Amino acid sequence: MTLTPFYKQVLCFFGLFAMCMNIVAQDSFSTVTAEKGDGILSLLRKQGVNPYDHYDDFIAMNMENLRDSVHLYAGRAYRIPPFNLDTIPVVDSIQKQTTEIKKLVGKDYEIFGNKHAAVIPKSEQLKNAVYYLVSGHGGPDPGAMAVYAGKSLAEDEYAYDITLRLAKELLAHGATVYIIIRDLNDGIRDERILEIDHDEVAYGDKVIPLNQVARLRQRVEIINKLHRKHRGQFQRLIVTHVDSRSKGQNIDVFFYHHEKSKNGKKLAESIHKTFQKKYKKYQPNRTYTGTFEDRTSLYLVKKTHPAMTFIEIGNIRNKKDQKRILVPDNRQALAKWIAEGVLLDFEGGEIGPIR
Numbered sequence: 000m001t002l003t004p005f006y007k008q009v010l011c012f013f014g015l016f017a018m019c020m021n022i023v024a025q026d027s028f029s030t031v032t033a034e035k036g037d038g039i040l041s042l043l044r045k046q047g048v049n050p051y052d053h054y055d056d057f058i059a060m061n062m063e064n065l066r067d068s069v070h071l072y073a074g075r076a077y078r079i080p081p082f083n084l085d086t087i088p089v090v091d092s093i094q095k096q097t098t099e100i101k102k103l104v105g106k107d108y109e110i111f112g113n114k115h116a117a118v119i120p121k122s123e124q125l126k127n128a129v130y131y132l133v134s135g136h137g138g139p140d141p142g143a144m145a146v147y148a149g150k151s152l153a154e155d156e157y158a159y160d161i162t163l164r165l166a167k168e169l170l171a172h173g174a175t176v177y178i179i180i181r182d183l184n185d186g187i188r189d190e191r192i193l194e195i196d197h198d199e200v201a202y203g204d205k206v207i208p209l210n211q212v213a214r215l216r217q218r219v220e221i222i223n224k225l226h227r228k229h230r231g232q233f234q235r236l237i238v239t240h241v242d243s244r245s246k247g248q249n250i251d252v253f254f255y256h257h258e259k260s261k262n263g264k265k266l267a268e269s270i271h272k273t274f275q276k277k278y279k280k281y282q283p284n285r286t287y288t289g290t291f292e293d294r295t296s297l298y299l300v301k302k303t304h305p306a307m308t309f310i311e312i313g314n315i316r317n318k319k320d321q322k323r324i325l326v327p328d329n330r331q332a333l334a335k336w337i338a339e340g341v342l343l344d345f346e347g348g349e350i351g352p353i354r
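Numbering-wise, numbering that gives the first Met the number 0 puts 335 at position 336 of the sequence shown, and it's gapless, one number per residue.
FYI, nobody ran anything at the bench for these hints, they're computed from the structure. Because the structure is a prediction, the values reported are computed rather than measured. Every residue gets a Cβ at the ideal spot worked out from N, C-alpha and C, and that includes glycine. Please note that a few of the clues may not be correct.
As the list claims (entries may be wrong) - The calculated PhoX-like cross-link candidates involving lysine-lysine, where the alpha carbons are at most 20 Å apart (straight line), are:
hint, residue 1, residue 2
1, Lys264, Lys276
2, Lys45, Lys114
3, Lys277, Lys265
As the list claims (entries may be wrong) - The calculated label-pair distances, taken between Cβ atoms and stated as ranges, are:
hint, residue 1, residue 2, range
4, Asp56, Lys319, 22 to 32 Å
5, Gly347, Gln248, 45 to 55 Å
6, Ala117, Asp56, 10 to 20 Å
7, Thr288, Lys150, 25 to 35 Å
8, Asp198, Gly347, 33 to 43 Å
9, Gly173, Asn64, 10 to 20 Å
10, Gly74, Arg244, 14 to 24 Å
11, Arg244, Ser29, 22 to 32 Å
12, Asn210, Asp293, 24 to 34 Å
13, Asn64, Val200, 38 to 48 Å
Construct all of the structure, not just a fragment, from the sequences and the given hints.
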């Protein structure tokens, strides 16, 4: 018997409905033993749990069994957060049921790659906000370079991966997000060593110039044009870089803003406060030394119109800082913490003159 599209839709819905109800019915926590090489993301994914929705829950449930509050110990048992659906409304109309399922499933974005394409809505808190995300360097310029275990590391690859993860977090809260530097075949990657390529383009599929000033000017023009398009809306710019200093210099995440931008300072301060809070909670035995300060001399800080913050993730040449960017769980944590700071900024943000 050939099923019509309508009945296929009905069967698909009830199949998904039954699966969800079966999951909800599980009222006890399951545990799993971590194997060598497991991280939080991979462990949750193996158990069929969305790692991005339940990352914080996992940490809260297993704090006493985590090294540095984010790393697993091989051979230890960890509790897995249940996949909870608050309610699945029972309605008469198949069309309404399908709508509810779409809300549950979310929307796919190819730029995040096949494994990470789906964005599951968390809230509409940022519904009226617009964010421009710029990862440093790209195209002909890999940025800062280092070597780890005989492999080359490039700043632009790690800054881009964190930026994509941040974009996904902001989209999940209803924001409009522009990813200004784009690599259409990378997506979010869960490897430690990110392969270096030079095929990144600027928004609008523009070739990234080799000349540094031309490259920065291109980004400024794209951002300022989009800023005019969204005039009157809440708009923010976040630029992500990885610093390069002497090998012995271990630095925390720090932030820059325009010296005359009250809103830019507030954005930087909100993310900075979030990092202070997270370090106090997850790494109570060490002091967070990251700062936020004005640095208007930086081209993007000086020339772009939206209120903005310029973030330096760490020193790519320092072994301790390398762990911050090499471990996929750490990159995800960085993105989530930045996103939480963005939400904090938006809660008390202002629309109006930026500079």
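Taking the hints in turn, this is what the structure says about them:
no., hint, verdict
1, Lys264 - Lys276, "holds, 18 Å"
2, Lys45 - Lys114, "holds, 13 Å"
3, Lys277 - Lys265, "holds, 18 Å"
4, Asp56 - Lys319: 22 to 32 Å, "holds, 27 Å"
5, Gly347 - Gln248: 45 to 55 Å, "violated, 34 Å"
6, Ala117 - Asp56: 10 to 20 Å, "holds, 19 Å"
7, Thr288 - Lys150: 25 to 35 Å, "holds, 28 Å"
8, Asp198 - Gly347: 33 to 43 Å, "holds, 40 Å"
9, Gly173 - Asn64: 10 to 20 Å, "violated, 34 Å"
10, Gly74 - Arg244: 14 to 24 Å, "violated, 36 Å"
11, Arg244 - Ser29: 22 to 32 Å, "violated, 44 Å"
12, Asn210 - Asp293: 24 to 34 Å, "holds, 27 Å"
13, Asn64 - Val200: 38 to 48 Å, "holds, 43 Å"
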